[in-house]
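**Student:** Same order as they appear, the protein sequences are chains A and B. Numbering-wise (my numbering), the first sequence opens with residue 11 and increments by one. Numbering-wise (my numbering), the second sequence opens with residue 167 and increments by one.
Don't read these hints as lab results, they were simulated from the structure. Where hints are given, some of them may not hold.
Said to hold, decoys possible - Here are a few chain B residues that sit away from chain A, every Cβ distance over 12 Å (derived from the structure): (1) L208; (2) D238; (3) S265; (4) K300; (5) C340; (6) T344; (7) S365; (8) R367; (9) K406; (10) S414.
To be verified - Straight-line Cα separation of at most 30 Å, DSSO-like style, residue types lysine-lysine; simulated pairs: (11) K430/B / K406/B; (12) K282/B / K184/A; (13) K102/A / K212/B; (14) K285/A / K406/B; (15) K212/B / K348/B; (16) K300/B / K285/B; (17) K348/B / K184/A; (18) K285/B / K184/A; (19) K276/B / K285/A; (20) K348/B / K276/B; (21) K105/A / K259/B; (22) K282/B / K285/A; (23) K184/A / K303/B; (24) K276/B / K430/B; (25) K104/A / K259/B; (26) K285/B / K259/B; (27) K190/A / K327/B; (28) K212/B / K300/B; (29) K190/A / K276/B; (30) K300/B / K190/A; (31) K393/B / K421/B; (32) K406/B / K276/B; (33) K97/A / K282/B; (34) K259/B / K312/B; (35) K102/A / K406/B; (36) K97/A / K198/B; (37) K426/B / K406/B; (38) K212/B / K190/A; (39) K348/B / K285/B; (40) K421/B / K190/A.
In this text, a Cβ means the ideal position worked out from N, Cα and C, and glycines have one as well.
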Amino acid sequence: MNRKLKNNLFTYATWIAVITCAAILLFLFGVILWNGLPAINFNFLTEAASDFGASGGIIHQITGSVLLVIFSALICLPIAIGTAIYKSEYVKSKKLHTLINTLIYSLNGIPSLIFGIFGLILFVNILGMGVSWIVGSIILAMMILPTVTLSTYHSINSIPTVYRESSMALGLTKWQTISKVLLPQGFSGAITGLLIGVARAIGETAPIMFIATAFSGVAFPSSLLEPVSTLPTHILALAQQATNPAALQNAWGTSLVLVSLVVLFSITALCIRLKHQAISKR
Amino acid sequence: MMEQHALKPKLTVVGKTTEDIIKIEGLQVWIKENHILNSIQLNIPKNKITCIIGPSGSGKSTLIRSMNRINDDVDGITTQGIINFNGTSILEKENDVASLRTQIGMVFQKPCVFPKSIKENVLFGIQHLKKLSKLEKLQSVEENLKAASLWKEVSHRLNDKASSLSIGQQQRLCIARTLAVKPEVILLDEPTSSLDPLSTRAIEDMMVQLKEEYTIVFVTHNISQAKRIADHLVFICDGKVIEQGPASAMFSCAKDPQTKAYLKDEYCAC
Chain A
11 MNRKLKNNLF TYATWIAVIT CAAILLFLFG VILWNGLPAI NFNFLTEAAS
61 DFGASGGIIH QITGSVLLVI FSALICLPIA IGTAIYKSEY VKSKKLHTLI
111 NTLIYSLNGI PSLIFGIFGL ILFVNILGMG VSWIVGSIIL AMMILPTVTL
161 STYHSINSIP TVYRESSMAL GLTKWQTISK VLLPQGFSGA ITGLLIGVAR
211 AIGETAPIMF IATAFSGVAF PSSLLEPVST LPTHILALAQ QATNPAALQN
261 AWGTSLVLVS LVVLFSITAL CIRLKHQAIS KR
Chain B
167 MMEQHALKPK LTVVGKTTED IIKIEGLQVW IKENHILNSI QLNIPKNKIT
217 CIIGPSGSGK STLIRSMNRI NDDVDGITTQ GIINFNGTSI LEKENDVASL
267 RTQIGMVFQK PCVFPKSIKE NVLFGIQHLK KLSKLEKLQS VEENLKAASL
317 WKEVSHRLND KASSLSIGQQ QRLCIARTLA VKPEVILLDE PTSSLDPLST
367 RAIEDMMVQL KEEYTIVFVT HNISQAKRIA DHLVFICDGK VIEQGPASAM
417 FSCAKDPQTK AYLKDEYCAC
């Protein structure tokens, strides 16, 4: 095969790969939009579910999901920033770096169901917190911790050394340098990671279905220790009654709402990242 | 205020012409297995410009970076020997490096302004050391930007982003920021190597003015620059001090053949 042909062939191959990737996404979006859009109306978004979800709306599910991820973000963020600062600024030994990396990637690799079982055993049974949304938030925070930590770490660690040295040469202590120079510049990385993590967490079913949610008969929680209903577990419940066309219709509608929320988080993350790039490029 | 400013240098110049503010004895530095500096013996005279020259890789930067211990954070570094600053040994582990660095300031090769306004950049160091009133802040900004000969260019846009300045202006801003902390010694590590000739001249002229109030240690690989500004000259090569002394004497008749060769042809055989 001559060189020119080979070159073109590989160019087309990469194109095909990109198109396949985009097509899968577009197909999924298309199907969800096509089937979900007829279910969406004002009442669907603002009313409580009735008849096991086959009629009524999903307001409790939306608030349940949003509540879970907001609190998981709040729990996760300080721990992730602390770990990232420690890893970036205090760890000098290569071995310790490798160890921390291995731990973070292992935590990321644990199947989400295992997190659920862990939460069930530790928080629900041993600590006696019962099935409650705060337990769900804690477990989701653990799940997204690696994503947020690594994103924060990379944005702090990519700040050139001369910024640290310039700050310390002016007589600032290490902590002042971290809090006045590194954190303000690295914060957008933390927020980007957080939104990506949250976008993942909001769609998770397995870790929260035993520990934080109930399938029917829930309203807005009035305390930390009450179960909520969430979008993904609601879809699961509706899909189990798929023989009922009304339930199926609502399952598509709920899916569309869930996907829209995920897209919203992802686009916000992308915008923050782009804005930050524009600043750091100057 | 301004009168004081004008009087002070004259007073300091009179009595303290030969006093050494920094004395280095037997300084050894390793980075991992590499022996970077070998038995450095060096005196930095007060209120003079000391230029450290030498070929690249000779250890100039490591030497100047040892003087305010900014090297401490370099991975795998070992430092031995004595650095005396105003009579205290600064390499002791328990010394407060942050307060040491307020007395020995440093300007780096590549200008590095913080993503803040020009005003905030000048105040960046000083406002973390003590509480300043609004008036003191304004005074400090004006005084130090004037000392760094930047005031005329930026006085009408102090709240603009510092990154909007040219590279040469940014470097002068970095110097102003260092002056604001009021150190006794200013270390400059090849501060003009990334600048255009005009900005370079502006910084050289500024150094000559600043030496009345501060002691200046200036690392450069540019011999003609050293000729223009140096009072005291140190030539180091391959981690050793080959020769040091008054700049005029060294430029007219260097004792060491290596120094002679380097000052003439910028070539060093070591």
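**Student:** Would the pair K282/B and K184/A pass a check requiring their Cα atoms to be no farther apart than 30 Å?
**Tutor:** Within the cut-off at roughly 20 Å; holds.
**Student:** K393/B and K421/B: Cα distance at most 30 Å?
**Tutor:** 17 Å, holds
**Student:** Would the hint linking K276/B and K430/B be met if the CA-CA limit is 30 Å?
**Tutor:** With Cα atoms ~28 Å apart, K276/B and K430/B stay inside 30 Å; holds.
**Student:** With the threshold set at 30 Å, check whether the alpha-carbon distance from K285/B to K259/B stays at or below it.
**Tutor:** 35 Å, violated
**Student:** Is K259/B close enough to K312/B, meaning Cα to Cα at most 30 Å?
**Tutor:** 37 Å, violated
**Student:** Quick one, are K348/B and K184/A close enough, alpha carbons at most 30 Å?
**Tutor:** With Cα atoms ~20 Å apart, K348/B and K184/A stay inside 30 Å; holds.
**Student:** Decide if the proposed pair is consistent with the structure: K212/B and K348/B, CA atoms, cutoff 30 Å inclusive.
**Tutor:** Holds: K212/B and K348/B sit about 15 Å apart, inside 30 Å.
**Student:** K105/A and K259/B were given as a pair; does the straight-line alpha-carbon distance stay at or below 30 Å?
**Tutor:** Holds, at about 25 Å.
**Student:** Need the status of pair K426/B, K406/B: alpha-carbon distance at most 30 Å?
**Tutor:** The hint holds at about 16 Å.
**Student:** Holds or violated: K300/B and K190/A, Cα atoms, limit 30 Å.
**Tutor:** 20 Å, holds
**Student:** Would you say L208/B is clear of chain A, with no C-beta pair closer than or equal to 12 Å?
**Tutor:** Its Cβ never comes within 12 Å of chain A, the nearest being 20 Å, so this holds.
**Student:** So R367/B supposedly isn't at the interface. Is its beta-carbon more than 12 Å from every beta-carbon in chain A?
**Tutor:** 24 Å, holds
Hints 2, 3, 5, 6, 13, 14, 26, 28, 34, 38 and 40 from the list above are not met by this structure, while the remaining hints are.
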